[in-house]
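Make the complex out of the two chains shown on their own, each in a separate frame, by following the hints.
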Amino acid sequence: MFLRQREPLIFERSVPGKRGMDLPRLDVPEARDTRPGHLRRGGFDALPEVSEVDVIRHFTRLSKWNYGVDDGIYPLGSCTMKHNPRLNERVAGLPAFTDSHPMAPEALVQGNLELVYTLQAWLQEITGLPGVTLQPSAGAAGELTGVMLIRAYHLSRGAQRRVILIPDSGHGTNPATAAMAGYDVVELPSQPDGTISFADVTDPTSGKVRKGLQTLVAELGPEIAGAMITNPNTVGVFEYRFKEISDLLHSVGALVYMDGANMNALIGLARPGDFGVDVMHLNLHKTFSTPHGGGGPGAGPVCCAEKLRPFLPVPVVVRETEEVREGKGTAHTYRWDWDRPQSIGKVHTFFGNFGILVRALTYCLSHGSDGLKAATLRAIVNANYIRVRLQGAYALHIDSPSLHEVVFSDTLQAKHEVHTLDIAKRLIDHGYHPPTIYFPLIVPGALMIEPTESEGKEELDAFCDTMLEIAREAEEIPAALHHAPILAPLRRLDETTAARKPVLRWQKPAVLPA
Amino acid sequence: MRYLPSSPVEDQALLDAIGVPDAEALLKGIPEPLRLRRELELPTQSAEQEVAWQMLAMANRNTRFCAQFLGAGAYDHFVPSAIDALVSRQEWFTAYTPYQPEISQGTLQHLFEYQTLICDLTGLEVTNASLYDGGTSCVEAALMAVRVAKKRHTVLVSRGLHPLYREVLQTNFAPHAELNLIEVALKDGVTDLADLQAKLSGDVAAVLVGYPNFLGAVEDLAALAGPIHAAGALLVSVTQEAFAFGWLEAPGRVGADMACGEAMSLGNKPSFGGPFLGFLAVRDAHKRELPGRVVGQAKDLQERLGYVLTLTAREQHIRRDKATSNICSNQGLVTLRANIFMQLAGPDGLKGLAAQNAAKAQFLRQRMLELPEMEAVEDQPFFNEFVLRYRGDYSALEAACLQESLLPGLDLGRYYPEYQGCILWCATELHSRSMIESLVETLARVPATV
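If you read the sequences in order, they're chains A and B.
Residues 1 to 514 (the numbering used here) make up the first sequence, in order.
Residues 515 to 964 (the numbering used here) make up the second sequence, in order.
Excised from the complex, chain B in its bound form (with noise of 0.2 Å):
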């Protein structure tokens, strides 16, 4: 076996100076009546080749595109090649967590400046190292505004957010009786404000509202935050495409008390919905309630500056049943994919790419609605992704598309029936205006549905 550095005669050497004559010898602790007493039934070794061919068969089996349309929560945007030359790095990918700082400087400084960045696009003031994705931020920030709100019970959840983050927020509450999980219901394909401070009370813990929202539209902020803090309340702005940031004013600065949600955008590719990278930015009075690991600077003996794990009074190694989480990794990786693609993207990059992601996604929705069978549904602002209703059949649409090598929006109709027949679009910088021209020419061409 490749893997495992001994000779013969080195493992008899390890095991004359133990004392013992084989292997099994060291067993004794395990009861005999425990012991799997036959070989695992599972193929045998093989050689990397072998390996290789099989995994590259098994890979070959997911259909490729020339363009993907779709986006609703994995986004497929450039990925600079500095990125992957530098994770892959051995000092980088095969390093633990920073628990001794001496010798993981390199982690830590990477990740204050992560959480710089972090902070930096969403306006607001502290951050953690990571949580796993977009759904599991949403579950996060609702407990903690729980935490922080004291006596509330109530989070409300704008319809307009994920849908599937919806489901993990619902996993996740179930299991608290004394909590309350309230959707918000969605007019002209934003939140409805009338519907908002209906169930506004005094018992809202926090009000979770997408920014976009899943349908792209986006979302005012600044009009929700009025409401919601006068019935003291958070705001908590959640963000899917961290794209978005380049082009909406950082939540932080239009009233959300508080920023979570999904940046694989920055600098990742879609990989079938992870790793990904969940975030979470709140205020400064309230980062003692924040879940995960945070990064600080410390000085050492000599006065030099550095770098530590801190607030580890919060975790659960330090506080277990009382930690604020029961979080012990983050997505350490993919935040340094961001935070490289962060610094290389600068402000310029990073406005200018989302200037393109608006003008692709406006141009292909305005070569759509030249169709026919395309009908605008509302008139939001979005960003990159917007709904369209389609009068066709979507499986003639999709099988046509596939027949191009494209991968067409999302069939809105299994996440909201209120939207059946509708279609989520999605363009990026990645989207040339060829490809647009072909899905767009494919699409007329669909046979009409009798």
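Bound conformation, chain A alone (with noise of 0.2 Å):
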């Protein structure tokens, strides 16, 4: 695995007079200089001199100190690493895809169009809400367009409402994201159980009450636009009273707004447009397989009801359907609809990241109807699966059964002063990358334990095998795991430190005098 223990940045390997490109011969007399003077390009301070030996290298070490969804079971919960077809990444590789220009006439690029319009067609049908966008380049990305399809909405009916409710078990990207909409957010509590509470909270510790949801529906009533709501929730249970929370909210004249982060638990099971969304987001590089990359790129499509429609992104994309004379059938061509004199205009420069787009109906047409339904439910099983062997070992938040992720408190192995953060870098020394952790904020010292249905009983029962054992190392040998991890290239490292004196960029060594 790690076969080195260190690579010096890129920066220290450079000698002058390498490289690690060969320009083309030009074949066109050299460029006048035109520029005035003081915008002529200076000299560089970091690119390096390198050849392509070295950089190959240099990125092949790196990548072996990365763990990735081929190593082994990657439990981070809420985020779906499940596995990413190989098919996928071959398809959204074809040069007709790739070399494709955003800007080309709509008669040249049918097939990406063609695209668009099936991928939609399947989300439409998978979440029962007619209208589509994939425009978003992201969950976050997707949450600003759907809140900005409400805002666009109320004010289309002459309303100025200005606050939208939010779980406290919620994704922090869905305050984050209200707010970059322009409105107040005000949080919902959270019953034990990790649902919204329509009664008011009582603080156990500070006596203080937290409103819920009915008395803020009470009382904010025509100011609220909408209420952001994961579902499955972040402890990953179905929210058992959508209906009545969106039949109230509705009665209000307020929408319901759903992050679809979970869909990877209803897919084939519920539809949001049957149980009153009105508009939700999918993260295709959760719930479609497509590759999180270290970080990105995503995508976040947003679904919506008809009444929503109307605001939706420019362009739309539109299939017009043609008789082929003698009797040979229909053809299809598509267009770009550009004006939508309602719409809240563009959120990407272009159609989204197509590329992403392209993976996640590949992946679509592999599974079909019957293969995303038994995903579906094998993710269920296999979280249940996790949760019956490791409960009794650490504490559950919840003892009933839960949809595809469980979530666990480490108030069993803080009697010997272990706490989830030692739990996860233990996990590192055992060869795992651990769950996610300390969220959702509702449950304390969370570990949220994601399995997806890529994992087959064997390696379910790996990981399971390694989380009782670290179990066992809390009790017998508490203060090795704070030392944890040990096999890995680094130690735990110093964050408070990092964030007190940034250091964000590499910068050339000064010379000193001699």
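Certain hints may be false.
Lysine-lysine pairs mimicking DSBU-like chemistry, simulated, CA-CA at most 35 Å apart [as the list claims (entries may be wrong)]:
#1 Lys865(B) <-> Lys373(A)
#2 Lys508(A) <-> Lys865(B)
#3 Lys801(B) <-> Lys307(A)
#4 Lys243(A) <-> Lys307(A)
#5 Lys211(A) <-> Lys665(B)
#6 Lys813(B) <-> Lys508(A)
By construction, these hints were calculated from the structure, which means they are not laboratory data.
If you're wondering where the values come from, they're calculated on a predicted model, not measured in any experiment.
As structure tokens, this is what we get:
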């Protein structure tokens, strides 16, 4: 795995005169220099002089310090680290896709438009929502687009509403998005089972009363633009009163936004459009297996109800069907509709992360309706298997079947002064990527485990055996866990000092006088 | 289903261990009236071969070209083979965001190097681990400038900025009634200094200027910086073609306080507009207002050097509604492509490629101007794009080009009514002399319009 202890920064390997790229022969006259003198490019301080061999070895060695989905289970809850099929990569790399230009006339990119149209049709059926845009670049960008649709809808009805309700169990992107869209955020408290509380909640320690959904709707009614609700929620549980929640919100004219980060637990089982959702986003890099790429690129399509369709970002793909003569059936042509007077406008320079859309459609076609549903069920069974195997050794946050993920807390280990961070770091020593930790915020010392459908029994058992061993270690040799990891290329890193005295780029060392 | 690693016996073993007869028994948490009690009306699963053929057929419905003379924010450059080979390593493309630094040093060190090189190209001190694309980078830059400037509510945007970037800005400014987005006119193809001066006031937080601008012209940032700084505003340079950094002085060295834009040119193909690579580089003093992920140096328990995600107190997962932005992901794998590209190119490669781009564009322009229907519009210095007026009919020109498998430049009138009848042309190192000659010959044969 880790063959070398250290790979220097490429800048430290730079040697004058080396090159990693040979330029083609110039077959036209050299450029005349028309630049004003002060706009001529001066020198570079960091660009290295290295050969192709150096670069290939540099990135190959660095790669070995990463953990990927192909190394084994990647149990990050909410992140949905599933298998990344290689066919998807191959298709996305077809030159007919990668060479196509976003400003090319529609007639020349019919394949791309057909792809957009087809993927939209899949997402419509999967979510039960008729309007779709594929433009947002990521989940957070989808959220922002969705909230802007809500805003445009209210404005079109002459209403300035200022509040968005968000449960305290929600992803941080929800409140950040609402703020970016100009809204005030009001937090909805959860009940002990992680679902939204209708009643007011009294904090047992401070005695502070937090207003529940019912009170907030009664008090803020016409000020509420909408609510952003993750379903299944971040504890892995279906908001079982979702219909009541959406009916209550709709009764005061508010709209319901669903954070679809966990849609992989619902595909084929339930459709947001059928239970009161007005608008939602999907994460193609979670639910539809497009690779996470060390942080991106993702894609965050937004699906919406009919009443929000007029506000979707421009352009919208349109299919025109033509009767082919002599009974040969029909032919389809596709075009962009830019003439959408109520549209919120553009949310991406072009049409979104198109290469990611190609992978997502390939995933859909491979799975089909039956494969998608089988994947959903398999992910749920896997999560519950982990729940059953680890309960007792770790404290379960909720003692009932969960959907695609299961959340434990560190309360049993905390008795031995072993905390979630120690457990996570110890997993690294055992050759696993840790689960999501300290999220959701409503669970103390949360360990959020999502195996996805990509794991078989053998891998699940090996992971659970390791977790049980760590639980034993926590009792028997607790101090040792504070030192984990010891087998990774580096020990625990001092993030506090890193933030206090940030070094955010390499700088050429100053030459010291002799 | 080939992606599900289970056998019926194992499936049963899992269910037995859980203590349920079937998976359905685990779904009781979903209220019955909300369940979908039918199959999705979609095709059923397919073999890899079937899907491969279906997708290939779809891809082939796109028209292919021998050469594309269209830039306008998406540039066709040569991509070295090392890039595809390296990014296809699973350790890079299947890994998650590096929240656990001990098991993600590869991604973190790469991002630290990437940040270093973006700072080098732009001549600024701090950058993040990338933004979505050029248009959204302008939004983040403008909103950041408003935070930095404090109590200033206006952002001026040069009409020379990419028209689609301006549309994305408009979309994102619409929810903020307290903020104004005001356009600064063009004169002779560059930002009109007089109009800029008239619009500068104590309420202006920042001015966004294309460098080069959408029309290909090189804006003199140094000349614009004077009045902008005198008004207490920030100059934000917006570069949509990152190869220009090998030709033009770093914006941070000629007056820009922030530099943002699109860096897809570094190791990526046009890809129908995405995934692309937004960047934003700023001064050190402003770093705590930067949106998005940032990687910094750290030491481990044994004082060994490593890298971590840092300055997270700005971000949504910590600050929630008080965060500098809602952005959570970055364009990870695209940053990797760009980093590999920059390292392969090095200083000589980047400058050399840029010089070739300038040479090809100058040659294309010179040859075109020999055609009677083509006419110079402005005489601004340019990099690899330029505008010419065409006396003929664009659709006839387009048809003739397509017949020869050539994609012509952009019909500018659609975005700039004042440039009706003008075409924005682009040439890069990919355009051989013979391709350029064949374009010129094709244009010479376009039938004259009545």
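A quick look at each hint next to the structure:
1. As the CA atoms of Lys865(B) and Lys373(A) are separated by approximately 53 Å, the hinted pair breaks the 35 Å bound.
2. Among the hinted pairs, Lys508(A) with Lys865(B) is consistent with the structure: their alpha-carbon atoms are about 20 Å apart, no more than 35 Å.
3. Only pairs whose Cα atoms come within 35 Å are accepted, and Lys801(B) paired with Lys307(A) is rejected, the gap being roughly 41 Å.
4. At roughly 18 Å between alpha-carbon atoms, Lys243(A) and Lys307(A) fall within 35 Å of each other, so this suggested pair holds.
5. With a C-alpha separation of about 33 Å, the suggested pairing of Lys211(A) with Lys665(B) holds against the 35 Å cut-off.
6. For the proposed pair Lys813(B) and Lys508(A), the alpha carbon gap of about 20 Å is at most 35 Å, so the pair holds.
Of the numbered hints given earlier, the model fails hints 1 and 3; all others are met.
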